[in-house]
Amino acid sequence: MMDPMRSLLGRVLLEEITPVVMVLSTPLAEEACRKNGLNFVEMLLPFSVFNKIDVPVRTASDQPYRLQMFKLRLVYASDIRQQDYKVAENHLKQLVSDAANAALSDLQSELPQLETILSETELNFSPSWIQTFNKELRKSVSFSEHEAFDHPVACLFVVSSNDAQPINRFVDLFNTDQLPSLLNDGVMDPKILKQYLLLHENHDGTMDRATGILAEMKSTFGSIDCRLLCINSSDGGDGELKDNPWLNVKAHLSASHEIGSFLNIDDLIEIKEFMQELSSKHIIPYMEQKIRFLNQQVSATRKGFRNQIKNLWWRKGKEDAPETTSGQMYTFSSMESQIRVLGDYAFILRDYELALSNYRLLSTDYKLDKAWKRYAGVQEMMGLAYFMLDQSRKDSETCMETAFNTYLKLVPSAQRNATRCGLWWAEILKARGQYKEAAGIYFRISSEEPPLHAAVMLEQASYSYLFSRPTMLRKYGFHLILAGNRYYVSDQRPHALRTYRNALLVYGGIPWNFILDHVHYNIGRWYAFVGVFDVSVKHMLEILACSHQSATTQDLFLGNFFETVENMGKIFEVNKLQLPVVNMSSIQVIYEDHRTYASFADLNVNENLWKSLEEEMVPLASTIKSNWLESQSRLSLKKYDDSHVCVVGEAIKLDIEFRNPLQIPISVFSLSLICDICEKSKETKIDGGTSSFGFNDIEELKEAPSCRSRIGDVSNLVLSEFDLVLGGGEAKRIQLDATPKIEGVLKVLGVRWKLSELVVGYHYFEPNTKMKHKKGKRVARNSSGGILNFIVIKGLPKLEGCIHNLPGTTFAGDFRLLRMELRNQSEYSVKNMRMAISHPRFLSPGNLEDFNMDFPCYLEKQKFSKSMEAPANAQKFKNLLFYFPNDVTIEGGATFYWPLWFHASFSGKISLYLSVYYEIESCSSDMIYRTLRMHYDLEVLPSLDLSIHIAPCPSKLQEFLMRMDIMNRTSTESFSMQQLSCVGDELGISRLPANETISPLKVLHAGQALSCFFKLKDCSKSFEYETGLAFHGKDEKLDAQGNGKVLIDVSRSPFLEFHQQERYHQGKTAEGGISNIDFILISELHDSSSTGLHPSILSFHACHCSITNEIPLWWLMEGPRVMSHDFSVSFCEIDLELTICNCLNAEVSIRIITNDFMPETKLSDYLISDSNTNQGGWHNVSLANDIKEISNVQGVQSEKLSSSSSQSISPFIWCAASSTSVKMQPSSTAKVPLRICIFSPGTFDLSSYELHWNVQSSSPSDKGRPGDDAMRSSSGMSQGHPFYLTVMQSH
Amino acid sequence: MASTACFIIVSRNDIPIYEAELGPAVKKEEAAHQHQFILHSALDIVQDLAWTTSAMFLKAMDRFNELVVSVYILLNPLYLPGSRITSSHFDTKVRALARKYL
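Chains as they are written, first to last, in the UniProt record's numbering: chain D, 1 to 1291; chain V, 1 to 102.
Simulated from the structure, these hints should not be mistaken for lab results. Don't take each hint at face value.
The calculated lysine to aspartate or glutamate pairs, modelled on EDC-like cross-linking and capped at a C-alpha distance of 20 Å, are [said to hold, decoys possible]: (1) D:Lys139 <-> D:Glu16; (2) D:Lys194 <-> D:Asp79; (3) D:Lys436 <-> V:Asp62; (4) D:Lys290 <-> D:Asp62; (5) D:Lys436 <-> V:Asp48.
Work out the full structure: start from the sequences and follow the hints.
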């Protein structure tokens, strides 16, 4: 807590509650002063303050004390009255307006940092004119009737020595007409201290006359109170005063050199002496005397118990009197007025104890009298006295609060008094560090005052919040805004601007969007008003993208913005203009170097995919980066590590998204890229390398695009321009092109657009922006500059291409011919073409002749067709590399077609990638070759599931039974079966039953399943004997009608290629190991299909079908079937032969055991346990009912076997040995003779023998086929096949 | 009850994470920014009061003319700093409650 005297309030009180000296002067006296540009009061003003007067003072007590600082207030008698409200108002308004100019100049300065603000004191930080304003505001209520400290203590009569009859003039001056109303109305004692001053102008030279008059005066008015003051000793002109004392006091007087020009230093000393004497010899002693006199009176009448009782009694009697605030009842002679004068004089002379005791006394009186205004005035002074005494904080606050509230009750008459009281109160609180409370007081004052005053009060409130501890920044900002608002209302826009601008310290960048909009909008608006358009626009820009505001507000903001820019009168370029918003993360750069693309969708494919596809196709050297340029090229690639290569005349495309953040539509014009292009020759001169190169770019990016003069030659670079209208909230993707026309270096720096004729927005691409470059991984490393640098080289002509009639959706098995189109729009012809295909299982390049054929008819099976064998190259199953014939070239301007065979090999979503490689005839460019990349996605729907099961024929060697299960997996389509072919020459196929058609099964409807049975016959000549069966073709036609349809030769291209692919891929998944039995099913989509998909034919490949066989043996019993024998002669002996075939590549030992009875249970056990295993040759079995079906079939078979065996008795016996052992070499055939004896005629089942076999695992050839071996048991027993023999009795 | 109201949830560092203009009165253009100003400045008081009381509900702790500010001080340990409340369901609930009680 500081000394109250040293606080702001203390100093203010010492300055403002001082004795008033009423001045009455004659016109001639005034005229003498006016030569110096001053009136009389002004002339004395600098000398009315005494900082070190050092006079002893003794008031009521006996202890004298010394006054140091003292001040007199000299006021003309005419000014001793309450100011007219309007005049005061205008005066205050003028004060604020004058300060506005200072506010405007402040606007140019930077906003201070928060730290620097907080390190300052409030007084230094808040504008100095605010204190002046407060003072003037307080002044407007001075000379009130209910207070005495403004009442003149003394009266100074000033008469010039030039006046005629000066003595009479003195008397005339104290004419009651001229005296202020306070004296006339009896509010104050007219008997005040009178001082008589004779003003003499020295240069008149008549000093004698003056001394004469003075002598006369002294005799008339008394010698003490008269004085002579000589002025104007200088003859003027050369301004000899070194430090003019009026400069500080009357700073607003314009012609400062004229002030005091007739006064020399002697005059000043004389004035000073006069003033010193006036205060120390006359005024202070007079006041002391008066205090002592009044104090005596008060003590006599009011102090002491008796007087108090009396006073109370007397007051009680007045209670019925009407309540009044006018104070008419208290004349100067009334006790109350005298106590007030006593208190105020004591206060002025700083005897606060005395003042306080009298105020206290008075306050109870006024309260009892209900003289509220006087009561409030006394309370106010009590508060101040408490403060100056620095005793009870609480008391001073209570007093101020009572005074303030009491005044407020008397609004409007005491409203300004309330304001003054509030100002005192706030100062008291501030002096004690209670800034927050002070702010509250200012806020309360503001609500009572007119807007302009309220604004100043609110501004002070804001500073109080700012300097409260802890700092209340948000309140500070809010009150600044409130103040600014009031300033604006009272037409003080510079001040409004100043406060709003200061509020930015709090509100700058906060996420409270409505606050930000309000602040920026108003600052922008007012800057425009004061003519600072550039700053105005800057603030307007902040609020343009106000998506949270209503459409009307957005419209208003935008309209204001355009208006301001128009007022600026020049094209305004905005970096990162938010209208529209550029979605930087959406940027995709599309450019083509040696890699070109058939469509933009192909750009989304991972570069690694393409790379692996093209691995073999492109020259090996190209993987080393520097080699795509020819060695003689003068461009050093190392220098442009960050750059990318593009080709002269081909556009670099930038895909970018623009979004309108507003609800109102905006239109954008001339949207284009900002690019730089440097000619090749220029660039080669730069030796500094990348570092200097990058630095330049960063420098450049600070400039607006219009400052960039380097794009001189329009013909070097062609930029596309877009106009677009974005509706409310709409986002659009735009593709912007830049087409370089010369070789060199092209830099894509940013994007620009016009929002109106005058507003240009631009947005540079920033280094840290992650852009999706659509060209390889190299580009992602582009971190040094962030700018897209391209080396523009002279490239090869670009081929464009597509594949016609490739379906987007198709059924598995779809088989068709496609047409690949390649267009060369340049003037050069291209050669050395190659093509890489990612899925050779789906696509296979054909021959040019294929176009001339009628598909599928030309595949018709010729009578003597020669099967072709394509070289099986394992590599080509992954990516197929196809070399176009050497004579294939595409002339400039020509369109070229090449056939492609398509086969939808499996279902699912497939992405097909093709890349076409080409060179040109005369290679004069920087590139050696280019590639055209094509990418197609297609969806293959499942159509038919095909599974094949082959089992050896139990009754025939080299014959097999085959079951084909087809399941229609579609939900709507029907398929008709056309043809089933067995691939290769080894096997023939025929339908079972042989001549029956499968006409009811010709069409397989949606969801249906079909099983067909076929017989396979081994046609190879490896077996020694011929069977009697007719030869069947290796193709079987399934279409019973055969209406003109022809068999298709599956051994020709392209079936051959696709089949090899299928063999390779199915072989990888087949369970039963590799075998040579493959089938191709050809079907057709039925005509009545509902969808638009019309594949002409569908082909299904079932590869690696193996023969399901439980045991490694085939055998066949051979012998007579029917014979006659005369049993009366003897029993019948029949020779049989068992041919056994070892189909393993291993040695097998076989034991044949003949039984004369059947071991039933053992047999059935064996069969059942075995039936569900060894399902080799079945694949793609996914439906449960399929499995069920199979097991049913197996079950029936086993039942039959067991029932037939159970019926058989043993009416015959096996002759010869009951057990025969045979050792068989791998893949060999052995014949074992058997014999039976029959004793009676009948039909016999000769299946009662068993083959016990044991694979010699030690055989070395076993190791070659471990997979096959694992499928089979190493040993086992098989029951003989049924062989029915009928023996008849011969006669 | 009040003819106009504004409900804001503020996270650390004065970041408003949810805002709703409520109340039956017809929306005025100024209301939104006025409310924001008042609530924002009230945070100064909250900041002071929060450490002096254990109460989570500070009723009428600040006022501006006839507008009264009441504050709940809450703590959500699961809040991800910086995220905004965008749930439309929450918004609907808040507005429904406002209709019921305002």
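Structure-based check of all given hints:
1. D:Lys139 <-> D:Glu16: holds, 9 Å
2. D:Lys194 <-> D:Asp79: holds, 18 Å
3. D:Lys436 <-> V:Asp62: holds, 13 Å
4. D:Lys290 <-> D:Asp62: Since the Cα atoms of D:Lys290 and D:Asp62 sit roughly 15 Å apart, the hinted pair holds (cutoff 20 Å).
5. D:Lys436 <-> V:Asp48: holds, 11 Å
In this structure, none of the earlier numbered hints is contradicted; all agree with it.
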